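Protein chains in written order, with our numbering: chain A, 1 to 244; chain B, 1 to 244; chain C, 1 to 244; chain D, 1 to 244; chain E, 1 to 244; chain F, 1 to 244.
Take every hint as true, because none was put in to throw you off.
Since copy identity is lost for identical chains, a pair holds within one copy or between any two.
Mimicking EDC-like on lysine to aspartate or glutamate, the simulated pairs with C-alpha atoms at most 16 angstroms apart in a straight line are:
1. Lys2 <-> Glu31
2. Lys233 <-> Glu149
3. Lys233 <-> Asp39
4. Lys223 <-> Glu194
5. Lys2 <-> Asp70
6. Lys223 <-> Asp171
7. Lys2 <-> Glu216
Because the hints were derived from the structure by calculation, they are not lab data.
Since the structure is predicted, the reported quantities are computational estimates derived from the model, not experimental observations.
There are 6 protein chains.
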Amino acid sequence: MKIQVINPNTSRSMTASIGRAAMAVARPETEIIACCPQDGPASIEGHFDEAIAAVGVLEEVRKGVAAGVDAHVIACFGDPGLLAARELARGPVIGIAEAAFHVASLICTRFAVVTTLTRTRIIAEHLLRNYGMTEHCTSVRCVDIAVLELEALGEDLLVERIAEQALLARDQEGAGAIVLGCGGMADLPARVSERVGLPVIDGVAAAVKLAEVLGELGLGTSKHGDLAYPLAKGFAGRFGHFGM
Amino acid sequence: MKIQVINPNTSRSMTASIGRAAMAVARPETEIIACCPQDGPASIEGHFDEAIAAVGVLEEVRKGVAAGVDAHVIACFGDPGLLAARELARGPVIGIAEAAFHVASLICTRFAVVTTLTRTRIIAEHLLRNYGMTEHCTSVRCVDIAVLELEALGEDLLVERIAEQALLARDQEGAGAIVLGCGGMADLPARVSERVGLPVIDGVAAAVKLAEVLGELGLGTSKHGDLAYPLAKGFAGRFGHFGM
Amino acid sequence: MKIQVINPNTSRSMTASIGRAAMAVARPETEIIACCPQDGPASIEGHFDEAIAAVGVLEEVRKGVAAGVDAHVIACFGDPGLLAARELARGPVIGIAEAAFHVASLICTRFAVVTTLTRTRIIAEHLLRNYGMTEHCTSVRCVDIAVLELEALGEDLLVERIAEQALLARDQEGAGAIVLGCGGMADLPARVSERVGLPVIDGVAAAVKLAEVLGELGLGTSKHGDLAYPLAKGFAGRFGHFGM
Amino acid sequence: MKIQVINPNTSRSMTASIGRAAMAVARPETEIIACCPQDGPASIEGHFDEAIAAVGVLEEVRKGVAAGVDAHVIACFGDPGLLAARELARGPVIGIAEAAFHVASLICTRFAVVTTLTRTRIIAEHLLRNYGMTEHCTSVRCVDIAVLELEALGEDLLVERIAEQALLARDQEGAGAIVLGCGGMADLPARVSERVGLPVIDGVAAAVKLAEVLGELGLGTSKHGDLAYPLAKGFAGRFGHFGM
Amino acid sequence: MKIQVINPNTSRSMTASIGRAAMAVARPETEIIACCPQDGPASIEGHFDEAIAAVGVLEEVRKGVAAGVDAHVIACFGDPGLLAARELARGPVIGIAEAAFHVASLICTRFAVVTTLTRTRIIAEHLLRNYGMTEHCTSVRCVDIAVLELEALGEDLLVERIAEQALLARDQEGAGAIVLGCGGMADLPARVSERVGLPVIDGVAAAVKLAEVLGELGLGTSKHGDLAYPLAKGFAGRFGHFGM
Amino acid sequence: MKIQVINPNTSRSMTASIGRAAMAVARPETEIIACCPQDGPASIEGHFDEAIAAVGVLEEVRKGVAAGVDAHVIACFGDPGLLAARELARGPVIGIAEAAFHVASLICTRFAVVTTLTRTRIIAEHLLRNYGMTEHCTSVRCVDIAVLELEALGEDLLVERIAEQALLARDQEGAGAIVLGCGGMADLPARVSERVGLPVIDGVAAAVKLAEVLGELGLGTSKHGDLAYPLAKGFAGRFGHFGM
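This is chain A alone, in the form it adopts within the complex:
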């Protein structure tokens, strides 16, 4: 089984790190194809970045479909372009936020999310609402570190900042598990879990495993209704290749 893991931003080092996290949990027989768009933002920290990145995701999904991959993972916590990507694919398409929420809801009654910038909190809150998970989440907490500074900060300090928020969620809000709210935190669940004493879920790992599950169950995206292949039509200009 080939799973395409798409980092929606154009950072090569984050793509590599996400690929490593994916491979670390994939089954031996699963092939992980980590990629990122050629065009788009270096990091995704708002509605605008997301809207642009969604096009890059769709370009990558299109290439993945052409290359015969079996499933697609969108490895940014806002799940940019998720429903649109599902229209393009017959195989499953999984967002890391939805994957993390679903998995977290299986092991506790209420989880907390720790993400990067306060500015992006609303994106996670909108996803919780869209996926029906609002009641299962105690809060979305932020460490207020920009995505591209996560690496520079050093893992020790980053773990500490995440743990600080996670402990508040555990002790003041009764969170039973922690969801890491950024693809750039994919290396950290074990260390944060050790520090906090709670299960910690990284969406990249969760999404790869869910993609494997759907593949093994023979389930792909429903091609009936709003997720059917896009209706054939003309596309103008630089998007002309999407048209028919």
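Dock chains B, C, D, E and F against the given chain A, drawing on the hints supplied.
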């Protein structure tokens, strides 16, 4: 006051028709600048079309901001790119779906939406949820005519097909007003209203008027929080012009 | 276009101040007719005051209809008698709370309300729920000053008290705009906005502009269904004039 | 214990009928004082009728408090003036809609409401939402008979019309109990139940019993917060007697 | 009328205390039959305890039905086995949590719950959601005393600990009434109310009174639909007596 | 990895069939241990059956924990005893309804459920609500065949009856996938899918795969908060072995 009315698809004739509808309701001192993206789908009938069209919307908003327009209207019933566009603009940005829903909720306790394809119903339903309007809507009904066939069908037949659904909503569900769920129906509210005996709201007209209102009240998009200008960062490839 | 702006309490000075705020934003060709009931409470600070004031609102709407006004604004933040008033009128009837909420939701993803007494907070919370706006509001905050003491306090102190709450909403809850929750604060949006650095919405201004919009769009209250004219029937005693 | 049962409309025969229904279920030691306002609509079939009737309810509650009654029942299915009445009273105030909903939810997982005019359905739906009962109700169904024609129709025909709707709710929606949605149906629960084979709840009876319960438990309206006695203030004109 | 009051845990002293609380509010002609299961946990402080205790509740309801009781009260704040018990009974079955929530919602707009262990808070929160009462509750607060230590602590200290939380709910959240969230607190409402200045509701008393009400109204559990008697089928092993 | 698949009813043939369905999707290195309680109902078709079956589930989970299994699946569509079972286990515990809902929500925007008896529909509806999935489900549909008659009916007829409902959900409600709502349908997804043209999800398969996923991710039930091991306490009578 200059209001940029963006048709998110690339159809020139629909852009012209939307522009006419906008001008028909604009105040004499309002200048309507109707435009559409150079790049993107000829019509928007699904999540994929929307995701691609959102980029075109953002390009146009960016141009509009550079040209000093005072407000922006996104004239496709899925409100593609709305929150992203708000990050780019200091002036107000109004989607025609949200405009129509808000206006409808001021004149009746429950309205119905009549839109084009069944396939796109979920898009309207998601917007109703996102805007808090689910309870105010009796149903989203579809005439199952593709966007680009609306013109070809001829206005008489189209009015008839819309009226058919509207009357069901009125008589079986108690809808007190009808929202037309497509920018391509912007010419029809008067005729449908006459046929159905209910107020009929076109989102293009509603959005233009709300944009005027916000302008006159001196209100623009909040630049505090998630709608502040996008964080400066690099953009790669064909989106490089968005970066800093 | 004639817009009747009804202050539901019987305070002449507040009626004058609301009238000034309405005129300050009305178009030149709009005539503002500010009025208040002859009978009713001097201020509205609870469910009881509201229920009594609603009758005064209805009496005024009735007079307004007879005098041929085109639209009606109910200028108390509890929107007393709103649905009942819509039954009486063919033109639009707009409450200042609903107007402020709708406008606020167009310029930010989450707004806060700052109102007078803690006692009345539940009224605003019920309205947020009724209008589908609960998720769009971070909190309803109170300065705990009685309505009739707003004037006596002096504008400087009042602005300071409002700003104090608004800043908490901005910094602790991420509110992107502030709604002023009392007709008696209609003079203050500019000063509060300057102090707080956020857009500030006064419902009186918002409602007047929305009434103009509906008028220009040719939209009035739906007379189909529950907002149709009241069924003809007898009314006893002092309400006999409502009967037929 | 003295329970004031207020028919919010001015129909003497309906007041008598409601009084009989109340007495039929009251405990021997309970005194039922059935009354109706001197001023107000002959029947309540819309938002306007309700708003006017609420004042009559408040006048009666005020008299009841002065006369030392222990509890108050508002015997119209829209519960007009409920929260306002609670401000006036130290004893409990119970609306017949809320009473019926609460009781119904104790004996089935989903109930249906059968009320009079389609026009008033939204009032019941709003109450279901306000009381948190929306999910517990399969639908609000209407026999489309005006309140004042209920008597004229004759009990046999009326039972048949109600049963017709109730059977649809039972067989098509799985309703486990029926709530009668009008004070004018207070005599009918036994006959409808016999005809339909489901428990049938009349709100007048339910409210009287809940009032007794609260009285026996020593529980009255909370005088802390928004239901505390109205703040002392001036009332103008014909409502001057409410002021201080 | 005979009301079976079932303490779902096996503590004899708590059963006696619950029985006393029930008798204290029952009508003279009501016979209270307090009982507890022979098999099950000594106290109920989690999902597991509840699931086991539910069987004991069902055994007791079965005995109660055989003995001809008229109604059943489940006297643990998690309402264990409530819907299952309703299948067994023709008479009403009332849980003390639901009873307390319903009664509280009749005397204030928002109530708070004070219960025992933080661990069990989610149980109360789930019930609030299930019964549609989430919006009517400001918070569920915990004194963090184990159920079986409530007695040992001494009534004075216990009242103090409950009052501490209740006062926070009153002053910081605007709660208008307090619901005691444990059958083991059934003796305390008067003392807590005196200390806190709010109405205080004990679920045991509330449930007994609601059971009386339903009995007097001739209303029992709906035997149509999901609460009909269990379908006849085989039960194996120690549950063989439930089978047919 | 050892996964205990618990059929909550006592039917050996259904246990075998569920075991086969589990083994059919399990990875080669996964050991499936299918079991059912010694004590309990032969089938589960209501709240009562569920409450009794929950104890059997807990007994089996306890044995499974003692035997060192890594994860537990509860293979009845009501997920009986789910939260209680999680308290007993360190490994994950997955219900087949929740598994099916989560998986379905990854491949379509709205799914339908087809289950056995109309009587049990409310159980599925309550679970949808509890898991936040109500909005993602178009309806719960019933074939009205008792659980123990599923086998007797013959697979052809059963597939036909399920397909009939599934096609209604697809064509009238826009369902994009079908969830089979009974452990006794675990053999049928391929045949129903072929007949209906939609992805069809069986909860047993879904739950086994999710259990594998959690195991491979090193995630077990959170032992912090309400899912921590049960508090040590006495259990009386036949449940004495649960005590300490």
